[in-house]
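S.K.: Go by the hints and put chain B onto chain A.
There are 2 protein chains.
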Amino acid sequence: MTVPRTFQAHNPATGQVLPSTFSVTSSDELAQLMEDAGQAALPYAKLSGQRRAEFLSAAADQIAAHAEELIARAMEETALSEARLRGEVARTANQLRLFADLVRDGSWVDARLDLSNPERTPPKPDVRSMRIPLGPVVVFGASNFPLAFSVAGGDTASALAAGCPVVAKAHPAHPATSAVAAHALLVAATQTNMPHGVFSLVYDDGYEVGLSLVRHPHIRAVGFTGSRGGGMALVAAAQARPVPIPVFAEMSSVNPLVLSEAAIRARGPALVTGLIGSISGSGGQLCTQPGLLFVPEGEAGDTLLQDLAEQLMTVPACTLLSSGIRDAYDAGTAALARHADVTTRQTIQEVTPGVHCQLYEVPLGALSASPELAHEVFGPVSLAVRYADREQLARVLLELEGQLTATLHALPGELSEWQDVVDVLRARSGRLVLNGFPTGVEVGHAIVHGGPFPATSDGGSTSVGTRAIERFSRPLAYQDFPDSLLPPELQNANPLRIWRMVDGWRTQEALSPEVTA
Amino acid sequence: MTVPRTFQAHNPATGQVLPSTFSVTSSDELAQLMEDAGQAALPYAKLSGQRRAEFLSAAADQIAAHAEELIARAMEETALSEARLRGEVARTANQLRLFADLVRDGSWVDARLDLSNPERTPPKPDVRSMRIPLGPVVVFGASNFPLAFSVAGGDTASALAAGCPVVAKAHPAHPATSAVAAHALLVAATQTNMPHGVFSLVYDDGYEVGLSLVRHPHIRAVGFTGSRGGGMALVAAAQARPVPIPVFAEMSSVNPLVLSEAAIRARGPALVTGLIGSISGSGGQLCTQPGLLFVPEGEAGDTLLQDLAEQLMTVPACTLLSSGIRDAYDAGTAALARHADVTTRQTIQEVTPGVHCQLYEVPLGALSASPELAHEVFGPVSLAVRYADREQLARVLLELEGQLTATLHALPGELSEWQDVVDVLRARSGRLVLNGFPTGVEVGHAIVHGGPFPATSDGGSTSVGTRAIERFSRPLAYQDFPDSLLPPELQNANPLRIWRMVDGWRTQEALSPEVTA
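Respectively, the protein sequence lines represent chains A and B. In terms of my numbering, the first sequence opens at residue 1 and continues consecutively. In terms of my numbering, the second sequence opens at residue 1 and continues consecutively.
Mixed in with the good hints, there may be bad ones.
[To be verified] According to the in silico footprint, chain B covers these stretches of chain A (three or more CB under 8 Å from chain B):
| no. | segment |
| --- | --- |
| 1 | 120-134 |
| 2 | 176-182 |
| 3 | 193-205 |
| 4 | 327-335 |
| 5 | 454-461 |
[Claimed, not checked] Simulated crosslink set (EDC-like; lysine to aspartate or glutamate; CA at most 16 Å straight-line):
| no. | chain 1 | residue 1 | chain 2 | residue 2 |
| --- | --- | --- | --- | --- |
| 6 | B | LYS124 | B | GLU401 |
| 7 | B | LYS46 | A | ASP423 |
| 8 | A | LYS46 | B | ASP480 |
| 9 | B | LYS46 | A | ASP420 |
[To be verified] Taking beta-carbon pairs under 7 Å as the criterion, some of the chain B residues facing chain A (in silico):
| no. | residue |
| --- | --- |
| 10 | PHE22 |
| 11 | ARG112 |
| 12 | PRO118 |
| 13 | VAL127 |
| 14 | ARG128 |
| 15 | ARG431 |
| 16 | GLY444 |
| 17 | VAL448 |
| 18 | GLN479 |
| 19 | ASP483 |
| 20 | PRO487 |
Derived from the structure by calculation, the hints contain no laboratory data. For every residue, glycine included, the Cβ atom is placed at its ideal position computed from N, Cα and C.
For reference, chain A alone in the conformation it holds in the complex:
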């Protein structure tokens, strides 16, 4: 028997090794967990939405009950502030409750009934369909949201809600936080008598365990939030399987933010304040942080950038999430500073381990010539791109890669002139923000946290909000099944009173007796 490899996390604020030791999940353990997840798939899929809602609600309660421990561990492991993490605990619990409500309601399954017509030639069959769970899902948590996008985060909540067992991989930068979140989920699973294997957690400070999970035949889908390189490696592994599986990876976005000259003239100070919050909040380590600001040439834009640079200097230094992220940030900002066309507007390099916000500037034409300038540098940094002409701006925006968000600040009276730019931003992003800031993702039914590649590996989906459940399900049709053998969602009486489409009409009613006679 080999001795398991162990690892420890670091406190990014102090650089010190944290006391807890974590064993890399062995291949034997992994095999057992996969077996358990596979065994859980059918009984868990067959549970009612009501029962799954009990589990998710209990999980939310457990997350709330473990708030202090989660916050303490996450502060040590991520250096994020207590206030930010307190908000994240609430969001994590709220997401679990949102999905509990969604599956308690039950209408998400998109039930459709096309009724039979035996008089037709040939006779028309009875066809009824609904979404069913895919099977076991592996979830890779994000470093920048140790709670809301990690072990008990949105991917896990939506997969469990869909009826899929989840195997989560603890992020190596916050294993202790992950352990507490997993404990909360497992307590909830036991309390609500869920099938053994419905949830489990694995550890690795490298890539092997994660890749083994993605390659395991029992796994049917992957949820991931992280770097482009990491996401693409998982996509490649998933595609190389004998049976390829979908990977829903949220990867990379610089979230272009366009400012009109009129908006700057009218609201300059408020824009500066908003930009500072959006660029520097959580150390700039948000997926929707605006890394690319399009600022008009001329005096109004000059003044805005001058004010922004001065006020960014007063933002306290922040500690980045890990030494790896710090290294990438240093390399990314150094490359910007080195670029021939780039002017440094604001930089303070003196603080360690903290970093200050950086602000760079470049003319619009240089962005076309050097598209790498638009690649994400994760952390508190923005590149201001100076434009003279709106048409030229639209053309350059069209060359951008896919984005999670795109933002326009313009005055009501001039919006019609900005339609071309809005059209381009619409084609390139998952969420358009008008006169606001892209950070702060509102979890709900309408939100889209997704977007064209490379913002995500699957531009047709969202990883936040109730639509996220669709990723982990697929439609299944039943043809000419008797009522008693159909799932309740498709039975004549509509016992769950869900919204259904019956012969093309949306209704919550039961089928009328003459139809079912």
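M.R.: This is chain B only, laid out in the frame that chain A set:
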């Protein structure tokens, strides 16, 4: 200037070369068509559902108006029967009308409104989202449905309905049929004043043009119906792009059909009649043809297979769609005949160019040992797998690959005993059929013509029915946009009276005035 390469189709019934000559689309022509499709993307995406419905309805009318020409060309190019092709013309027109109705109604966009709450801390933004088109789509038609799954078939109809320009590649086995269908679509586009480039057709008797299309940066998604090899080649090309795109490929399925002993005893003759129609209809060249029959050991199963073999012998010989399909059929049936565990139940090899239905038999255990026996042999052939024990049957069914359909024939009184088998078939297929036959796909709202890999490359979708539109669209959110800048689907007044989700509630109503005040 190089002289374009040309090709001609063959009449599979006579082997003769057909008179029309088709030029392989040159790279210059292709570049121009791609430019046109790219230019059409935004104006076409912005058209109302009403306008797109006009186009699709006109296309349906044009298909119907060209019925005789379509049937004449398709009979020459595919050797399918007039009756079958007449039905296919009707289905093609009906599919276009179904999608016209869908986009005229407009609710398919899944509009969601989460309203603002400025009182909350932090203020809650107004977030509204709906599905928008992906952009230009390339469609590869199927050889076996020269109309309903080809140039003007379901993939084209659903992509055009979603708001995506379509570039169709003519199947090299039926280029003249493709030309007529494309002409019908282009007439409809002109009649209804659609943007130039909304639809175009390209030709190639090889793979180059198709791969160029899939690799072209303007293309945003691919629809394909055909072989597993062809589909996987397109998936690989789409994944290797700098910006990967989704491929919706419907590829390979043997459509397991399970017979209980009681069902055979009660309904033997009717089962034989049904099986013969399902196995041999359209020369067995249907995606949902039951290629794998699970028949109980013992006298009842013996009698059924004996009757089936005898009656299959009386089915007239049929001509397969192309020499390539004929070669693959000959190779596939020869491999079955050669297999040590396989018994030949019915075979007539004498007719050329026609083929007779083949029936083979194998014990259940042999299927586990030789999983290649369950690979699709396209054409009029079925392999009967004899089982003794239901539990063992369920285990072997679980080893099958993903399927478009799975069918069970059992009596009402014994269905509860078959639950384990139903559970396995549910996990392995896109449509479950009870006491019926999988061929004959009912186009509607509830149908699922999809299923786990390798039935399709994307098990979360369907290529038939109104749900197919979802493949060519993605959700986009608007945050804090004024009513006047929102698309009608998301405006306060709900001018299209579509079904929407407002703060989680489904409604067709406008927002109430106090909400929008």
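S.K.: If any of the earlier hints don't hold here, list their numbers in rising order.
M.R.: Numbers 2, 3, 4, 6, 8, 10, 12, 19 and 20 - these are the hints that the structure violates, sorted from lowest upward.
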